[in-house]
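Q: Chain by chain, the residues run as shown.
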Amino acid sequence: MMVSAIDDSYLKKRYALLEAKRISDFLKEEPPETVIKIAKFFNWKIRRLSIQEGGKFTLHFADFLRNASIFHEKEWKLVNRQIVKGEVTLTQSEAVRLLEEEVKRHIEKRLQTTDFKLPETIAARVDHLKQLLMLRKGELKTEEMPKTIVVDAFPPCVKALYTAITGGHHLSHMGRLTLTTFLINIGMDAEDVINLYRSLSDFNERLTRYQVEHIAGARGSRTKYRPPKCDTLRTHGICINPDETCERIRHPLKYYQRKLRTTQKPSS
Amino acid sequence: MQPQTLKFVQSKFLEYYQNSFREDALPVSLEKREFGALLFKEKTMVRHRSFLQFGQLREFLCELVPSDVYYSSAYYDNPAADEMGKKGWAGADLVFDIDADHIQTPCGKEHDTWICGNCDFVGKGVTPKECPSCGSQKIETKTWICEVCLETTKRETEKLLDMLMNDFGFSTDEMRVYFSGHRGYHVHIQAETVRCFDQAARKEIVDYIVGTGLDFDSHGFRSAGGVISGPALESSGWSGRIARGVYDLLNSSPQELENLGLSKKVVKMLDEHKNKVLESWKTTGPWNTVKGVGEASWKKIVQRGVELQSAKIDTVVTTDVHRLIRLANTLHGKTALKKTIVPHGKLEEFDPLKSAVAFERDMAKVFVHESPRFRIGDEFYGPFKERKEELPTAAALFLLCKGVAEVVV
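Sequences listed follow chains A and B, in order.
According to our numbering, the stretch in the first sequence is residues 1 to 268, in order.
According to our numbering, the stretch in the second sequence is residues 269 to 677, in order.
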């Protein structure tokens, strides 16, 4: 109730995560029937295979994806699972791990309700906690991008796109989106980005300007768009020649930050 | 397209929407969909339209007579709102697009021509990135439909359907298969279970179909102490697919194996012991049958096996939850063929060049600049070069829409 009243999305997420972890720790020790019971509370299509069939669980792929698609480990990718007629095979601990995600979202949703009145004494505490939270959040540093553009620190995928465009080569829609969002996010001026596209034979100033400025957040919804993450770039065939640094990051911007840190040793 | 040709094509499209446009095979919840139409002359898209009933939609099409008609795979609370944020997204169908444009076909697209907008240099086959003569990138492509392209996309669609049915458990009733009206097939799934899938979930499905991020180890292909093990032919899901892909590859010509960059020695060994290798599938599989074929070689073979078994879908179409896609029973502006539903379980015998014909009557006189031989219905036409021809309406429209002929008045 107090977390709800403080009404801070970061705090809500942390609290939901903590509760979900507590529940999943407890579920790991429980008999399979309990896991099934709780999963069914969330309308999961889950069943337990007989001992002859290995005693594992099967779960409908929709329930699996809803909870597993944010995981990054290869064993959580659907393509690496056994899936038969819509059912994914799972161990108990895997089922519990997915339930943890479901519980987390369930709690986050419950925390959205602020439709209640707190007694004064508690309201005062909530205000106090709010102030404390503000102080702590101020300490969480956000990483700033340096102002100069360092092409050598581009990840291989963006470098390939950048080389292609400067050489006047055609890029796919996804390629343009990736390159533009990347350059805008590392601090390149919208005008400079537009100029990059100028060498293309099908260059259309009005259209390019509109799209680049939209991505930069100067138009429309005013949100500044971030580049797609590595996983998405792989799906659409943009990811090429991944190197060692790529193995440690999941987002092209992280690659850039990391590379800058390692290559830009103080020069003087 | 000359004015008289445009006028003729539009009059025929109007005739179709007035007399032959049918309601069957249209998407469910028409009133929640956004519609868009591409205009013939202006080549611009009229978007953000919505209709409560089929009759209104037909009226709209008869009024505009567009070259192409699209609808949203998404359901919206306010489909006519002109900003995405105001539409109120309420789920989307799961849609797959298989198009010869994105697939390597055995015909090598020899029938496609391209012309450089800068120096008028003309070429055949896959469009190059830049003109070999002047280096310009202003290249216009004229694609053609060939039976090889259509067969290739059909094979890819069959692989996709197999995965959707056996792995994902969709029933044939839940999947609608359409010929796109040009060079491929669409598969639509409107089931409740898929509607709420977000982009991340759809991306996982795409990766599954294409085999992206597939980890050999997770499917039983491992090497320990010099002994290699791998999946069996009858395994379910991707494990079995890997095995079947490898089987097909080992059963094909040695040239296929050489193309993978395997050494001549390895290819020779596999070829010499072909019978033993194929026989081994009944027991432990081929992984340790031939001496001198090690883990690295098998990995290349497995990788190619995965490529052979994956279905070449357009990854962007499936992951986009706001996509506009061609509406069933409407005409394709490049062919005058209609997007046509394939009856359940009848893909194998489906003949797109017959079933998608939208005009059955009358003849038309056209002047054909250049056209390869082609088929519409049961008849073959061409090749033509700088010739006046009187053709059945469907064949004439096909040439006119392809931009290789003009109407003769």
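Since the hints were derived computationally from the structure, they do not count as laboratory data.
Hints may be right or wrong, so weigh each one.
Said to hold, decoys possible - Okay, derived cross-link-like pairs now, DSSO-like style, lysine-lysine, Cα gap no bigger than 30 Å in a straight line: (1) B:K300 to A:K109; (2) B:K275 to B:K633; (3) B:K397 to A:K229.
None of these values were measured; they are calculated from a predicted model.
Q: Is B:K300 within 30 Å of A:K109, Cα to Cα?
A: holds (27 Å)
Q: Does A:K229 sit within 30 Å of B:K397, going by the straight-line distance between their CA atoms?
A: Holds. B:K397 to A:K229 sits at ~27 Å (cutoff 30 Å).
Q: Hint check: B:K275 vs B:K633, CA-CA at most 30 Å. Holds or violated?
A: holds (14 Å)
The structure is consistent with each of the numbered hints, conforming to all of them.
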